[in-house]
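What follows is the residue order along each chain.
2 protein chains.
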Amino acid sequence: MSEPAPYHHGHLKQALLKAAVRVIGKVGPRAFTLREVARQAKVSHNAPYRHFRDKEELLAAVAAEGFERLARSMIAAAKPAENALDALAMSGRGYVQFALRWPEHFSAMFDYCEGLRVYPEYAASGREAFQVLVDYVTAAQKAGQLPAVDTSALALTAWSMVHGIAKLAIGRLLPAESKEAVFEFTAFATRALSEGLTNLSPSGGLRRSALP
Amino acid sequence: MSEPAPYHHGHLKQALLKAAVRVIGKVGPRAFTLREVARQAKVSHNAPYRHFRDKEELLAAVAAEGFERLARSMIAAAKPAENALDALAMSGRGYVQFALRWPEHFSAMFDYCEGLRVYPEYAASGREAFQVLVDYVTAAQKAGQLPAVDTSALALTAWSMVHGIAKLAIGRLLPAESKEAVFEFTAFATRALSEGLTNLSPSGGLRRSALP
DNA sequence: CCCGAATGTTGACACCAGCAACATTCTAGC
DNA sequence: GCTAGAATGTTGCTGGTGTCAACATTCGGG
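Chains as they are written, first to last, in my numbering: chain L, 1 to 212; chain C, 1 to 212.
There could be a bad hint or two in this list.
As the list claims (entries may be wrong) - SDA-like cross-link-like pairs, simulated, lysine to any residue; straight-line CA separation at most 20 Å: (1) K26(L) with R69(L); (2) K26(L) with E114(C); (3) K142(C) with T198(L); (4) K142(L) with G196(C); (5) K55(C) with V27(L); (6) K142(L) with P202(C).
Think of the hints as simulated: they come from the structure by calculation, not from any bench.
Starting from the given sequences, assemble the full structure and let the hints guide the process.
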């Protein structure tokens, strides 16, 4: 048989974080349980308290990890873009893509985010993810594809748009039966945002679809 | 003293709903507790089960009540509008206003909305609230202020925008220190959405503000 | 009037977060 | 190398929760 499991785990903090991410992805942040995380990590129900002050802090760590993944998803999606404005739109697609692939993780990041203020050591990753968006906006402004108005305001507007799409899509409030349909809608919405709802060409709509 | 409280409450279901709304508004849907609702209603911890199958269903009822209030908030905010497009924008303000005034209730409506699918008898109010938005879009299209493209797509785009603003504002992820500042940003974003980010006049930005 | 249905209560179970006390292991200073 | 204290992990407990089962009370139609 294998040796009888050392008393000290060695890398319990990382193991707990990994287990927590797995548990969140499976049951969501609502049913998320500190004790289940401990079980997954093959450790007693109180061991996590040696590494995280409480459940909130572990959730905050999970959220921080999520923001890093989110930033990577945005960057990867924007990679093949042809110009700066296109990159901004594609990063929005990456945002929605992340939300659809890990909806529970996404929820932990935005619906349970008081922990990010209570334990500020985890807040940086969120700011960095936002900075990715700001960078795309700035690039589009430098390229003359966006006006030279307040960069923050532009970025926050774009963020609100894709965040709303992501949240509604996760809640199944959009009449889209597939991820591909959500991406189509995202493309429509981002084009509408950059060109203006009032300026859409009559052929620019989406296919007809039922209400949620 | 008063009579010794009749064994049968009489209107316990409504009383429980009212108490639940109060409890949610105070502690949020996370710390929301069936037993606390029962205490508020001066009733044993198991009485709610005679009127709601489980905690989920009570939450769904609370959410349904919230959608009715949300619809009223949108309609009230759009009342003083000068034209159809303005009414659409103002209803967005009403949406955000509701979210800021009852953030916990808003969260119950959108973050805990599986119950609305599990117990579909509460889903109608949500559809009705969305219909309010669709009506404003339709009116703007009839007035020639919005193009004759897919009405649903336009409405869903506008919804995503204001929903994202509301969620981010509640999560204190917008750099706005007051509700008034959030409303200013909402006005900016809705104008940006109707006219297009690329068409904003250089003076059209917001005042400079720090990152979250 | 009476019996069943509706409504409310008591008690129990399994689970959870977090505290305290204890056990084991690692490590720094001598 | 040894030892004391820090770091890490465990067991056991308390108070709280959702939900089930069994029981009590009241209401309403025959």
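Query raised in the report: For the pair supplied as a hint, K26(L) and R69(L), is the alpha-carbon distance within the 20 Å limit?
Result: Cα-Cα ~17 Å, so holds.
**Prompt:** Is K142(L) within 20 Å of P202(C), Cα to Cα?
**Reply:** Holds - the C-alpha atoms of P202(C) and K142(L) are around 14 Å apart, at most 20 Å.
*Is the straight-line distance between the alpha-carbon of K55(C) and that of V27(L) 20 Å or less?*
It holds: about 17 Å lies between the C-alpha atoms, which stays within 20 Å.
_Holds or violated: K142(C) to T198(L), with C-alpha atoms at most 20 Å apart_ = It holds: about 13 Å lies between the C-alpha atoms, which stays within 20 Å.
| request: Mind checking the alpha carbons of K142(L) and G196(C) for me, to see if they're no more than 20 Å apart? | output: holds, 18 Å
Q.
So if I understand the rule, the pair passes when the alpha-carbon distance is 20 Å or less; does K26(L) with E114(C) pass?
A. The hint holds at about 15 Å.
Violated hints for the displayed structure: none, as all numbered hints are satisfied.
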